[in-house]
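Heads up: the protein sequence lines correspond to chains R and H, in order. One point on numbering: in this note's numbering, the residue at position 150 of the first sequence is 150, and numbering is uninterrupted. Throughout, this note's numbering is defined as the position within the second sequence, counted from one, plus 173.
Simulated from the structure, these hints should not be mistaken for lab results. Predicted model, so just to flag it, every value in this text is computed and none were measured. One or more of the hints may lead you astray.
Derived contacts from chain R toward chain H, CB cut-off under 10 Å, selection only [stated by the list, open to error]:
no.: 1; residue: M1
no.: 2; residue: L45
no.: 3; residue: A46
no.: 4; residue: R48
no.: 5; residue: A52
no.: 6; residue: Y69
no.: 7; residue: Y70
no.: 8; residue: R74
no.: 9; residue: G93
no.: 10; residue: N98
no.: 11; residue: E101
no.: 12; residue: C122
no.: 13; residue: F129
Glycine included, C-beta positions come from ideal geometry on N, C-alpha and C.
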Amino acid sequence: MRKLLFQNLLRWPLTVAAPAPSASALAELGAQVEQAAQRRLGRSLAIREVDAGSCNGCELEIHALNNAYYDLERFGLHFVASPRHADVLLVTGPVTVNMREALERTYHATPDPKWVVAVGDCGRDGGVFVGSYACVGGVSEVIPVDLHIPGCPPNPMQLLEGLLALLQFQKSP
Amino acid sequence: MMNTGSLRTVLESGQPIAEHRPWPRVIVTPEIWNALSKGLAGGVWTLLGLWGEAGMAHLAVREDATGLLGVASLPCPDGRFPSVGRWHPPAQRLERAMADLVGLQPLDAPDSRPWLDHGRWPLRHPLGRAAKPTGALPPYRFLPAEGESLHQIPVGPVHAGIIEPGHFRFTANGEAVVRLEERLGYVHKGIESLLAGATIERAARLVGRVSGDSTVAYALAFARAVEAATETTIPDRAHWLRALMAELERLANHLGDIGAICNDAAFALMLAHCAVLREQVLRASAACFGHRLLMDGVIPGGVVTDLSADGAKALRALVAELRRRFPPLIELYDNTASLQDRTVGTGFVRPALIQQFGCGGPIGRAGGRAFDARRQPGYPPYEQLEFETLTLTESDVNARVWLRIREVEQSLALIERILERLPPGPVRGALQQPGQPCEGMALVEGFRGDVLVWLRLNGDGTVARCHPRDPSWFQWPLLEAAIEGNIVADFPICNKSFNGSYSGHDL
Chain R
1 MRKLLFQNLL RWPLTVAAPA PSASALAELG AQVEQAAQRR LGRSLAIREV DAGSCNGCEL
61 EIHALNNAYY DLERFGLHFV ASPRHADVLL VTGPVTVNMR EALERTYHAT PDPKWVVAVG
121 DCGRDGGVFV GSYACVGGVS EVIPVDLHIP GCPPNPMQLL EGLLALLQFQ KSP
Chain H
174 MMNTGSLRTV LESGQPIAEH RPWPRVIVTP EIWNALSKGL AGGVWTLLGL WGEAGMAHLA
234 VREDATGLLG VASLPCPDGR FPSVGRWHPP AQRLERAMAD LVGLQPLDAP DSRPWLDHGR
294 WPLRHPLGRA AKPTGALPPY RFLPAEGESL HQIPVGPVHA GIIEPGHFRF TANGEAVVRL
354 EERLGYVHKG IESLLAGATI ERAARLVGRV SGDSTVAYAL AFARAVEAAT ETTIPDRAHW
414 LRALMAELER LANHLGDIGA ICNDAAFALM LAHCAVLREQ VLRASAACFG HRLLMDGVIP
474 GGVVTDLSAD GAKALRALVA ELRRRFPPLI ELYDNTASLQ DRTVGTGFVR PALIQQFGCG
534 GPIGRAGGRA FDARRQPGYP PYEQLEFETL TLTESDVNAR VWLRIREVEQ SLALIERILE
594 RLPPGPVRGA LQQPGQPCEG MALVEGFRGD VLVWLRLNGD GTVARCHPRD PSWFQWPLLE
654 AAIEGNIVAD FPICNKSFNG SYSGHDL
């Protein structure tokens, strides 16, 4: 193990440079986030991921945000285990009817101020699952959404752009 | 009463459906249906699937000795059929799902509770004679576990990690788990309903999103079922590119799983390194085929993107890089006693249960079940590739890690071999127009195990009915057995060593 750790000290970091925050995401946020909320939070944002019926594709790419290439935590963004500790809910999936109540309860368990980011084409409007008896179709049908990150699934860079836009908007209103 | 004989003789006693390919489907009597149920219970055959449509129940079985596959269909004019789960427990959840979705009731079933229907949908029996719910479903009753010092721990559907939703009800005696009962169905998206009437293009996209981590395996199974139904032959190069994509998917998922299992033993170093290797596989996949998870790459008729010379070079570089970086990680796993202390002997599943449930994938093979759909029934180009079906017998978390490690090495070798032998030529061809209703079926080995897709096409080429069956159906129940007697704190590592699909199971 020591050899492996030592080698890593000598290797260049794998981590890529930060992308510019997504312009469209900034515009969407500008209309929705209140100034008061921005002053009350520090730079650090705690994210709680909620799968509301996704195929697991979005989860795989959200996971990838934690790998050495994207290293989400360097931006002060980190995933937490409980909605009670969260500032941001990252919601995926076309919101299945069977998950609707769980999503609502998770939202209400998250203290204010909070933001909701809907991830993926499903999170935006139900994606390929539109029209099913078992899907509500889009996160905003159930809880208020501040930002959409489309894609099927969005890749980690697109996720990062969206989240950085959230962070930047919060820093300089 | 025919409770003996080979699967062939049993199927020959039914009335064959000519348009079903490549394996036989026959209409059977309740007597033959029961004989099949008892043969499954006796371990002569393995259950592959159980699904329904209005007025008809279908049972797919495999004969282990001969490798023969077949589907038996029982007409159920009164909406009832003799329970298979009564004789063969692995069929129980499938029957419960069938009762929810199609409205076919299993007679004398040991468990008649709903499974996917949580009483929230705007209609009942969406795949059968759909109707508005007439009243609320009774509250869900978990199985009892009684005793003076027992307590319950409800977990989910929203979990602490970045994972899919499902509910786990633990009954524990102090730290030791006495019973775990799973309650799934939270991510039921009604995919089978959406598939009915869909064009082949739309259906391929939907089936490729049944379980996002297995998108290649699902798309491949769907494509092969369509090609079987329409008797379409695809170009040789397409077969090889499909296998290449399937092995990339297996590689990415196994690397992710090995790291994640170790992380659940609080050994984050393995996760950090495995996640880097996984990312390299995804980047190479995106560079070669235009999508990190390879979604929508495999379509009926072939594949969408051909592999360029640069792509082949990038994949060779990837294999070389993984061959350099992976062995030190294996050594690290092998030599870290504190990590092995968490994995060896944890989450043991009796090999007899694995056999009974026909549990596939690394879980099955780590428990001695030498089944791999790439070999049996097999599909091109794997019959031209040399590889053995790897098995272990310990059937614990450690064995599941090692099985995946060996399969990573195997996939690397397969990718190299495929790149060497990739034949030239086109990568997609036109589908034959069916002209009349036809049926097809395929069994494909995903990273998690065997994915089954059965479908019927209308004469105009649209999908009449399609049933995708995830390998998790026969793995989730075994997780309940694996955790018994383990401590509550070891549940995450046991669960991760299974990595069952919620979305694939809930459909």
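*Evaluation of the interface hint that places C122(R) against chain H, nearest CB under 10 Å*: OK, holds: C122(R) within 10 Å of chain H, min 9 Å.
*Does Y69(R) meet its interface restraint, that is, does its C-beta lie within less than 10 Å of any C-beta in chain H?*
holds, 5 Å
_Using the nearest Cβ pair, does A46(R) come within less than 10 Å of chain H?_
violated, 13 Å
*Answer holds if the nearest beta-carbon of chain H is closer than 10 Å to that of F129(R); otherwise answer violated.*
Nearest chain H Cβ about 5 Å off; hint holds.
*asked:* The hint names L45(R) as touching chain H; please verify it with the least Cβ-Cβ distance against 10 Å.
replied: violated, 16 Å
_Is the interface hint satisfied for N98(R)? The criterion is a beta-carbon contact with chain H at less than 10 Å._
N98(R) check passes; min Cβ-Cβ to chain H is 5 Å, inside 10 Å.
*Do the numbers back the hint for G93(R), that is, is its least Cβ distance to chain H under 10 Å?*
holds, 7 Å
*asked:* Min Cβ distance, Y70(R) to chain H: is it shorter than 10 Å?
replied: With a minimum Cβ separation of about 8 Å from chain H (threshold 10 Å), the hint on Y70(R) holds.
*Per-residue hint verdict: E101(R), partner chain H, C-beta under 10 Å*: holds, 8 Å
*Hold the hint about R74(R) up to the distance rule: shortest CB distance to chain H must be less than 10 Å.*
violated, 14 Å
*Minimum beta-carbon distance criterion (10 Å), A52(R) to chain H*: holds, 8 Å
*Against chain H, with CB atoms and a cut of 10 Å, does the hint on M1(R) hold up?*
holds, 6 Å
In summary, the numbered hints that this structure violates are 2, 3, 8.
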